[in-house]
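Novice: Here's the letter readout for the chains.
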Amino acid sequence: DQQVKQNSPSLSVQEGRISILNCDYTNSMFDYFLWYKKYPAEGPTFLISISSIKDKNEDGRFTVFLNKSAKHLSLHIVPSQPGDSAVYFCAASARGNTPLVFGKGTRLSVIA
Amino acid sequence: GAVVSQHPSRVICKSGTSVKIECRSLDFQATTMFWYRQFPKQSLMLMATSNEGSKATYEQGVEKDKFLINHASLTLSTLTVTSAHPEDSSFYICSARGPGSTEAFFGQGTRLTVV
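So the sequence lines, in the order shown, correspond to chains A and B.
Counting from 1, one number per residue, gives the positions in the first sequence under the numbering used here.
Counting from 1001, one number per residue, gives the positions in the second sequence under the numbering used here.
It should be emphasised that the hints constitute simulated quantities derived from the structure, not laboratory data.
In this text, a Cβ means the ideal position worked out from N, Cα and C, and glycines have one as well.
Be aware that a few hints might be false.
[Said to hold, decoys possible] Okay, the calculated bits of chain A under chain B, using three or more residues with CB under 8 Å as the criterion:
#1 42 to 49
#2 74 to 85
#3 88 to 97
#4 100 to 106
[Claimed, not checked] Some chain A residues well away from chain B (every beta-carbon gap over 12 Å; in silico):
#5 GLU15
#6 ARG17
#7 ILE18
#8 ASN22
#9 ASP24
#10 THR26
#11 ASP55
#12 GLU58
#13 ASN67
#14 LYS68
#15 SER69
#16 ALA70
#17 SER109
#18 ILE111
Taking the hints into account, I'd like the entire structure generated from these sequences.
Specialist: This is the structure:
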């Protein structure tokens, strides 16, 4: 039973446009959400996070939105750049020292 | 962000031998370390959680006698794949978290190929 779902395995966007990556979760105990970026044969790199007490967090070109009632979060990248092409993982964590639960990832391709 | 170093990045071993993978937190004390495994085009699957000085907690389906985890210090955890078989070939990634922190930082991963 997948607790964190990324239903789009891939996304293709033109350079300069907005990329929107979506993530849904089922566990209401999750209160902290993170996005990681991953290149092939490398470990994930932390990108941005959001606590359940917020509904938006922005860092440069990256913004994460959280809709707790819908158990949905999204990552917006604007403007998208070719270097953003990677697999993006959504992860969630419950309170306390619990491990991150990952979605299956979305492969973003930004086309020049 | 914090730095986690994982070594080796790539290893090829013969079937039946053992392989040790190291995970070090370079600039913070990692009270908890997590070991993940990733199959091609799949998500990161948690194998085990280890707290410094304690025995690791393994996820269901992960053989603890096959995947030995040691977290003897606040900066080092090791994963030893014992009696490796070709089906153990995978990408193994460690993650470390400091005390009171929710964020986890990842190592570079280890590509294990068992021939």
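Novice: Run the C-beta distances from ARG17 (chain A) to all of chain B and say if the shortest one exceeds 12 Å.
Specialist: Given that every Cβ of chain B is farther than 12 Å from that of ARG17 (chain A), nearest at about 25 Å, it holds.
Novice: Does SER109 (chain A) clear chain B by more than 12 Å, comparing its Cβ with all Cβ atoms of that chain?
Specialist: holds (15 Å)
Novice: Given that the segment 74 to 85 of chain A was listed as covered by chain B, double-check it with a C-beta distance under 8 Å for 3 or more residues.
Specialist: Violated, because only 0 residues of the segment 74 to 85 of chain A bring their Cβ atoms closer than 8 Å to Cβ atoms of chain B.
Novice: Using Cβ atoms and 12 Å as the threshold, tell me whether ILE18 (chain A) really stays out of contact range of chain B.
Specialist: holds (25 Å)
Novice: Closest CB-CB distance from ASN67 (chain A) to chain B, is it above 12 Å?
Specialist: holds (20 Å)
Novice: Taking beta carbons only, do three or more residues of the segment 88 to 97 of chain A come closer than 8 Å to chain B?
Specialist: holds (count 3)
Novice: Is GLU15 (chain A) truly not at the interface, in the sense that its beta carbon sits beyond 12 Å from all beta carbons of chain B?
Specialist: It holds; GLU15 (chain A) is separated from chain B by about 25 Å at its closest Cβ, greater than 12 Å.
Novice: Taking the closest pair, is the beta carbon of SER69 (chain A) still more than 12 Å from chain B?
Specialist: Check passes; 22 Å lies beyond 12 Å.
Novice: Verify that the Cβ of ASN22 (chain A) lies farther than 12 Å from every Cβ atom of chain B, and report whether the claim holds or is violated.
Specialist: Non-interface label on ASN22 (chain A) holds, nearest chain B Cβ at 15 Å vs cutoff 12 Å.
Novice: So ASP24 (chain A) supposedly isn't at the interface. Is its beta-carbon more than 12 Å from every beta-carbon in chain B?
Specialist: holds (14 Å)
Novice: Are three or more residues of the segment 42 to 49 of chain A within 8 Å, CB to CB, of chain B?
Specialist: holds (count 6)
Novice: So is ASP55 (chain A) really clear of chain B, every C-beta pair being over 12 Å apart?
Specialist: It holds; ASP55 (chain A) is separated from chain B by about 18 Å at its closest Cβ, greater than 12 Å.
Going through the hint list in order, the structure does not satisfy hint 2, though it satisfies all others.
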